[in-house]
Amino acid sequence: MNRARSLTKYAISRLISLPIMLWLISTLIFVLLRIAPGDPVDAILGNRADQVTREAMRTKLGLDDPLFHQYLNFLNDILHGNLGTALNTQEPVRKIISQSLPASIELALAAILIAGFIGFIIGLTGTAKKESSTDFAGRLYGIVTYAIPPFWAAMLIQLIFAVILGWLPIGGRLPAGTFIYDGSGFLIFDSIKNGDLNLLQQVIRHLILPASTLGLLLSGIFSRSLKINLDKTLNMDYIEAAKSRGISNSRIIFFHALPNALLPVLTIAGLTVASLIGGALLIEITFSWPGIAMLLQEAISQRDYPIVQGIVVVISILVVSIGLFIDLLIAFIDPRVSY
Amino acid sequence: MLRWGLYLLAIYLLTAFLTPLFIKFGFLPEPQEGLGNPIYSPPSIDHWCGTDRLGRDVCVRTLEGSRVAIIIVLLAVTLAVIIGIPLGILSGYLGGMVDRVIVLFMETLYTIPVLLLSVVIAFLLGRGIFNAAIALCVVYTPQYFRVVRNQTAQAKSELYVEAARVIGAGPFWIMGKYLLRNVVSSVPVLLTLNAADAVLVLGGLGFLGLGLPETIPEWGSDLNLALDAVPVGIWWTALFPGIAMLGLVLAFSFIGEGLEIIVNLNELNESNT
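Chains A and B, in that order, give the protein sequences.
Counting with the working numbering, you get residues 1 to 339 for the letters of the first sequence.
Counting with the working numbering, you get residues 1001 to 1273 for the letters of the second sequence.
It is possible that some hints are incorrect.
Here's a subset of chain B near chain A, in silico, CB distances under 7 Å, partners left out [what the hints assert, rightly or not]:
id : residue
1  : Y1007
2  : L1008
3  : L1115
4  : G1233
5  : A1238
6  : G1242
Which stretches of chain B does chain A cover? Using the computed rule of at least three CB atoms under 8 Å from a CB of chain A, they are [stated by the list, open to error]:
id : region
7  : 1010-1021
8  : 1196-1205
It should be emphasised that the hints constitute simulated quantities derived from the structure, not laboratory data.
Each residue gets a CB set at the ideal place from its N, CA and C atoms; glycine is no exception.
Using the sequences and the hints, build the whole thing.
If you want it as C-alpha cells, here you go:
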C-alpha cells in the first residue's frame, strides 16, 4: 500500500503546481502586453486616431488604473472565467472562444488517431526488419515529416485531392448553408446523437483531408519514439530470455516488448500536444477550418487584443492540463516510474 | 547525414549571396516588379516558376526569400545563445532564490506552444526583420537556458571547480573559464535543430501576416498569397516557395542529426577510455 500512498502524494503535489503554472502564464501574458514597446492603444487604433478616441479606448481597456490594480483585475477576471469583451463585436471573448474550440478539438483528436495508427505501423516495420535500409528510411521519414511546413503540406494535399482529383471538399467544416443542430459543437457527436447520417457523412468528408494532413505530419514523431523505445526494450535481458526459450520474433515484439515500449510513447504524445497546436493552427487556416486558429488569425488582422489574449490563456491552460493529465496517467499505470 | 546537410546549406548560402547580385546586374528580374508581366502565368521559358497574382516572378521571389530567412534565423538563434547560455551558467552557478525565479520564468515560457508564443510577440512588436528575430529568439532562449543551467548545476560540485575556488578564482573567472567550456558541447546540436525549427516558425509567422514588411519577399507570406489561388488549381505559386522552405529545414535538420551522432559517439568513446 506504500505505492498507493506515494502515488497520491505525487498526484497532489503535481495538482498544486497546476495553478502556480497557470498563474505564471497569465502573469507573463499580462507583463508581455504591458512591456511591449508601443502603446496597445496604438496597436489597436493605428497611429492615425485622434486624441479623444485614444483616451476613450484607454479608459475602456482600463489602462488608466494603476498597474498593480490592472494586474489584480486581470487575475480576478481570469479566475472567474471572464476573458473580457471583443473589441469588434462586443461579445464576451469566452463565448467566442468556446464556439470555435470544439472544431479544433475534433480535428486534433482525429489527427492524433491517424498519427498513432500510421506511426505505429511505420515504427513496427522499422523494428521488425532490421536491415539498415528500412531503418534508415524510418529515420528519414521522421525528419522529413518534421521538416515539411504544415501549411504547405496542407496546400499540396488540397491541390491533389480536392482540386485535381476532386475527391473531397477543399475546406471548411460543412457545405455552406448546412443546418447545424444546437448541441455540443462536436459535429460528429451531434450528428450521431440526432441520428442524421447525411450530416455525419458530410462532416467526415470534410474532416478527412485536414485530419490526415496533420496526422501524417505528426506520425513521424510517433513512429520514431516507438522505434527508439522498442529498440531499447528489445535489448533487455527478459527479451533475451524469451528468445532463448524459442518464442517467435513477432510474438516477442507484440506481447513482450510492445507493452513496455508503448508507455514512453504516451509521454512523447503528451509532449507533442504543444507542437500539435502549432501545426494545427496553420493547417486550420489553410483548410478554412472554423476553429481557434481561424479565430486567432482574424483577431490578429483586426488587432482585437482581448481575443488574442484570451486564446493564449485558454490554449496555455489546455496544454498545461493535458501534460499534467498524461504525467499522472503514466505514473498510475506504470509501476517503473519513480517520482 | 551531416555531409548532406552541409551541402544543402552551402547551396542556400550561395543562393542567398548570389541572387541580389544577379538581380543587380539584370540576369534576374526585380522580385517586386510585375506590372509588365501577365498575372498567374504558368511556368514558361520567360518565368521558370510562373508568376503570382501581381505578375511577379515566383522564381526570383523564392530565391530572394532564402536570404532573409537565413539572416533572421541565424540572428534569432544567435540572440538566443547569447542570452540563454550566460543566464543558464549564472543561474546554475548562483543557485538559491535567483536560480529558482529564473527557472520558473523560463519553464513558463517553455510551456507555451512555440508558434503561439512567437505569434504573440510578433503581434505586439509588429512586422520587421529584427522584430521577427526577437519573436523567434524568445522561443528558443529557454531551451539553451535549460540545458546549460542543468549542466552547470551538475558541474558546479565537480572537483575541478572546487580546486579553482581554492586557488582563489572569482566566480566570473570560474564561470567563464571552467564552466562555459564544459557546457558548450551540447549547444551545436541544439542550435542547428532550433534553426530548422525557426525556419518553420518564421514561415508560420509570415503565413499569418506577422512576418516581414510587404516590401521584402518572404516564403511564408508568399504561400499565404498562394492559398487564395489553390482552389482554381494554380499550383506554381504554392509549390516553389514551399520546396525552398522544406530544403532549408532539411539542411539544418540533417546537420543537427549528424552532429548528434558525432556527439553521442564522442561521449561513448570518452566513457570507454
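Here's how the hints hold up against the structure:
1. Taking 7 Å as the C-beta contact cut-off toward chain A, the hint placing Y1007(B) at the interface is violated, the least distance being around 16 Å.
2. Given the 7 Å rule on beta carbons, the hint for L1008(B) is violated: about 11 Å separates it from the nearest Cβ of chain A.
3. A cut of 7 Å between beta carbons decides the hint on L1115(B): the least distance to chain A is about 3 Å, and the hint holds.
4. This hint holds: G1233(B) has a C-beta 5 Å from the nearest C-beta of chain A, less than the 7 Å allowed.
5. For A1238(B), the suggested interface contact is upheld, since its CB lies about 5 Å from the closest CB of chain A, less than 7 Å.
6. Restraint check, G1242(B) versus chain A: the minimum CB separation of about 4 Å is within 7 Å; hint holds.
7. A stretch counts as covered by a chain when three or more of its residues have a beta carbon under 8 Å from one of that chain; for the region 1010-1021 of chain B and chain A the count is 0, and the coverage is violated.
8. A count of 5 residues in the region 1196-1205 of chain B with a Cβ less than 8 Å from any Cβ of chain A is obtained; the coverage claim is therefore met, three being the minimum.
In summary, the structure is inconsistent with hints 1, 2 and 7 from the numbered list given earlier, while agreeing with the others.
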